[in-house]
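Here are the chains, one letter per residue:
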Amino acid sequence: MITLSNPDLAIAAVLVLALALLSARLQADVSRQLLIAAARTAIQLTLIGLVLKTLFANVHLVWVTLMALFMLLVAGREVMARQKRRFRGWWGYALGTVSMFLSSFAVAVFALVVILGDTPWYTPQYAIPLLGMLLGNTMNGIAIAMDRLTTTAWEQREIIEARLMLGQSWDEAISAIRQQAIRSGLIPIINAMAAAGVVSLPGMMTGQILAGAPPVEAVKYQILIMFLITVGTGLGTLGAVSIGSRRLFDARQRLCLDRLREN
Amino acid sequence: MIGPVSFSLDAGECLCLSGPSGTGKSLLLRAIADLDPHEGSVWLDGTASDAIAPALWRCRVGLLPPDSSWWLPRAIDHFHDGQPLSLDSLGLEPGLLGEPVARLSSGERQRLALLRLLANTPRVLLLDEPTANLDPASTLRVEAVIGEFRKTHQAAVIWVSHDPAQIARVANRHLRVSGSELREQTVEHNT
Numbered sequence: 001m002i003t004l005s006n007p008d009l010a011i012a013a014v015l016v017l018a019l020a021l022l023s024a025r026l027q028a029d030v031s032r033q034l035l036i037a038a039a040r041t042a043i044q045l046t047l048i049g050l051v052l053k054t055l056f057a058n059v060h061l062v063w064v065t066l067m068a069l070f071m072l073l074v075a076g077r078e079v080m081a082r083q084k085r086r087f088r089g090w091w092g093y094a095l096g097t098v099s100m101f102l103s104s105f106a107v108a109v110f111a112l113v114v115i116l117g118d119t120p121w122y123t124p125q126y127a128i129p130l131l132g133m134l135l136g137n138t139m140n141g142i143a144i145a146m147d148r149l150t151t152t153a154w155e156q157r158e159i160i161e162a163r164l165m166l167g168q169s170w171d172e173a174i175s176a177i178r179q180q181a182i183r184s185g186l187i188p189i190i191n192a193m194a195a196a197g198v199v200s201l202p203g204m205m206t207g208q209i210l211a212g213a214p215p216v217e218a219v220k221y222q223i224l225i226m227f228l229i230t231v232g233t234g235l236g237t238l239g240a241v242s243i244g245s246r247r248l249f250d251a252r253q254r255l256c257l258d259r260l261r262e263n
Numbered sequence: 001m002i003g004p005v006s007f008s009l010d011a012g013e014c015l016c017l018s019g020p021s022g023t024g025k026s027l028l029l030r031a032i033a034d035l036d037p038h039e040g041s042v043w044l045d046g047t048a049s050d051a052i053a054p055a056l057w058r059c060r061v062g063l064l065p066p067d068s069s070w071w072l073p074r075a076i077d078h079f080h081d082g083q084p085l086s087l088d089s090l091g092l093e094p095g096l097l098g099e100p101v102a103r104l105s106s107g108e109r110q111r112l113a114l115l116r117l118l119a120n121t122p123r124v125l126l127l128d129e130p131t132a133n134l135d136p137a138s139t140l141r142v143e144a145v146i147g148e149f150r151k152t153h154q155a156a157v158i159w160v161s162h163d164p165a166q167i168a169r170v171a172n173r174h175l176r177v178s179g180s181e182l183r184e185q186t187v188e189h190n191t
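Line order of the protein sequences matches chains C and B. At position 112 of the first sequence the residue is numbered 112 (my numbering), and the sequence of numbers has no breaks. At position 46 of the second sequence the residue is numbered 46 (my numbering), and the sequence of numbers has no breaks.
Treat the hints as calculated values from the structure; they're not laboratory data. Don't take each hint at face value.
Partner residues aside, some chain B positions facing chain C, computed with beta carbon under 10 angstroms [as the list claims (entries may be wrong)]:
1. Arg30
2. Arg60
3. Trp70
4. Trp71
Here chain B is said to cover these stretches of chain C; the calculated rule only asks that three of the stretch's residues, wherever they fall, bring their Cβ under 8 angstroms from a Cβ of chain B [as the list claims (entries may be wrong)]:
5. 148 to 162
6. 250 to 256
A virtual CB, placed ideally from N, CA and C, is assigned to each residue, including glycine.
Only chain C is shown next, with the shape it has when bound in the complex (with noise of 0.2 angstroms):
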């Protein structure tokens, strides 16, 4: 592997400067967003760097949870500020962070005890990377999943009330949103696989072949990833949305739109 020298991410960096100076002259407006998102990627990379660095070096399960713990509640925090109506109080938070931890943990737990089999089972190298990119992908569905089902259930609140008013139990008043929820959180993974090694070399093997990997073995690992991230994503979506429609009624059936706040 080629190692990286101070000056060589400084030649990189000048070009995001570049970047800046260019779209700042043709009035984009976006030159300081970018610029505080670079240096934001800049300080956190060498962060976590430093925080793995550590961890490597010190292989004990309560670093590894410690760490894990972290990333599921910054993940919880960020599912929630995504949404434009969330559920009111702790449900807001412990919905999305609560399906996040039961799917994300679940699988990678799996997959390091059951397919990788490394000992022991917790050695950061794979757990930490492993629920890293497991935790981001089903963020990102239930964020969106969540999003799109309260969103929606508030647009089309007088077609729910309608079909309960018909004598329709609040399951089948739901479904047609619930069912659109749940597409829309498992569309991007879908994708992703769909355009795999076609459109896209997916970042995860990239980073393995840069590293020196044979391309074979690389590839495997992504299939692994892939198929990990989609399960992931999938019961993490179909949990929250499940949970979180049938929060939008009452004991007796009646939608309860006052149980979601605006952000």
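Please arrange chain B on chain C, whose structure you already have, making use of the hints.
Frame of chain C, contents of chain B only:
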């Protein structure tokens, strides 16, 4: 707003409810259909609303809101048992059922929504200004169809209306919102 009130209704009876806008007539109907959380209780043939499944209650106590909602492309898709029978008596062409709902007039949609509700054969009909979008001829047809349904199925009807002439045509009883109370009015039949 209508305060704590209590009233009862016999099978086959038609109770008209009138009064200024914003006094809670629609909310009262929504509470009876158990669509909003409410205090007090509603009984039908000795069964309280919260003693049976909500969907079953709303099948028996059918609410017709002032604006109808449709979620499938064509009107016919909303009828489980095929074409409704009373199209003709409401002055509707059978072809309308196959048209995209968006292309129907609000009056046509409103009459189809009534048929959609009657297809459930509810024991109680809650009608929230059912003829607000209709011309006089259609209004009379709707009144006749509801009257027929009421007689055939001994259904009780609560009918929100602002039109004294309509109330005189359809009501057995008339309650008027006055402050927070419902005042019983004498019904003058002009038939």
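Looking at the structure, which of the earlier hints fail to hold?
none
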